[in-house]
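Both chains are sitting in their own frames, so use the hints and assemble them into the complex.
Top line first, the protein sequences correspond to chains A and B.
Heads up: the first sequence begins at 2 in the numbering used here, then just goes up one per residue.
Heads up: the second sequence begins at 17 in the numbering used here, then just goes up one per residue.
It is worth saying that the hints were derived from the structure and are not from the lab.
Heads up, some of the hints might be wrong.
Unchecked claim - When the alpha-carbon atoms are kept at most 25 Å apart in a straight line, the in silico SDA-like pairs for lysine to any residue are as follows:
#1 A/K57 <-> B/A116
#2 A/K58 <-> A/T78
#3 A/K57 <-> B/R97
#4 B/K73 <-> A/V45
#5 A/K58 <-> A/L12
#6 A/K107 <-> B/K30
#7 A/K57 <-> B/G113
#8 B/K30 <-> A/K57
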Amino acid sequence: TQLLEQSPQFLSIQEGENLTVYCNSSSVFSSLQWYRQEPGEGPVLLVTVVTGGEVKKLKRLTFQFGDARKDSSLHITAAQPGDTGLYLCAGGSYSGGGADGLTFGKGTHLIIQP
Amino acid sequence: DTGVSQNPRHKITKRGQNVTFRCDPISEHNRLYWYRQTLGQGPEFLTYFQNEAQLEKSRLLSDRFSAERPKGSFSTLEIQRTEQGDSAMYLCASSLGGLAYGYTFGSGTRLTVV
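One chain only, chain B, in its complex shape (with noise of 0.2 Å):
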């Protein structure tokens, strides 16, 4: 098993486009969050999944915001007519499930919007 993967690494956009990120969980894990992270700052919680249902999105995913799951599988952020308060690292975590068990987070996505 590989943990979890985010692609890309790094992404640079200019306002106003649209980007998606792409998170592949641990296999045996049906639980799926994603987080967002600034600098000097924790994570803060977005949204999570429990297979391919969206149970829970926080009021800092804007319209602009929208995540899936199909399947139940890998998950897509995808982050429409970006603005520069966006820049921030977007991590993506799964879990075996409950809050017994720890969350294996990826390496996160580095977006930097000019």
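Extracted from the complex, chain A is given alone in its bound form (with noise of 0.2 Å):
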């Protein structure tokens, strides 16, 4: 069974201040992706990466997969109340059994304080 721990498990900062967020794995992921999720709604996707060491930025947000392929980060600079929701890793590998289905973690909740 592939685990993703998301850490920290919940972050409250104010406006204009950085963040890191975690999501780390003893598997190895083909694929690896990051999305926001706000209450009541279904998660939305952020990124996708799928080479190890890959950077990819998103206007504020900066996330790195791992070298390893095995964790991966979520950097947002200058928070704004708007980032608030709970973030969410996902995993995916080709197991060789048709394996298909994402692995989530359990999350980062973020709350941005103005």
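Structure representation (structure tokens):
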């Protein structure tokens, strides 16, 4: 069973501060994705990374996939109240058995206070 | 394209009743997934279709759960003899295929079993 551990579980910071959330596993993933979810809604895809060491930027968000493809981080610069939400990482691998469903972490609840 | 549509948004049912949820994926997406999410947890994989073929089922999917995707278009998830432990958000997602592509999730169906 592939498990993804996200940390911290909860984070509350002031507007304008920087933050990093982490996603770690003992398993190697072919693909790692980050989603943001608001209460009562489905997750929305932010980014997909597939290459070890890959870095992707989405405005003030920077995503990195670990060299060994076992971990990932999400860094937010100058956080804004609109960044508030549940951030989920999800990993997938071609296990040879046809498995195609993503494994999700429990998420990081982020609150940006104005 | 209106994205992934799920109906109903909310369902309250008495224990022992059967319920059915519907998912309409993005029309060009050949892959469709069902996930379940409980409070404080990330989504858990239930089952996956490629076109009309159900290719994988999680061990979470007991015999009381059945999913179909006739003609490779919309999908239904039925839960028979509901139990209180079935209370959760049921999420549907679709994808163009492969782990390099992200999922597009619907808004989910919130099931409450009383």
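Structure versus earlier hints - violations, ascending order:
3, 6, 8
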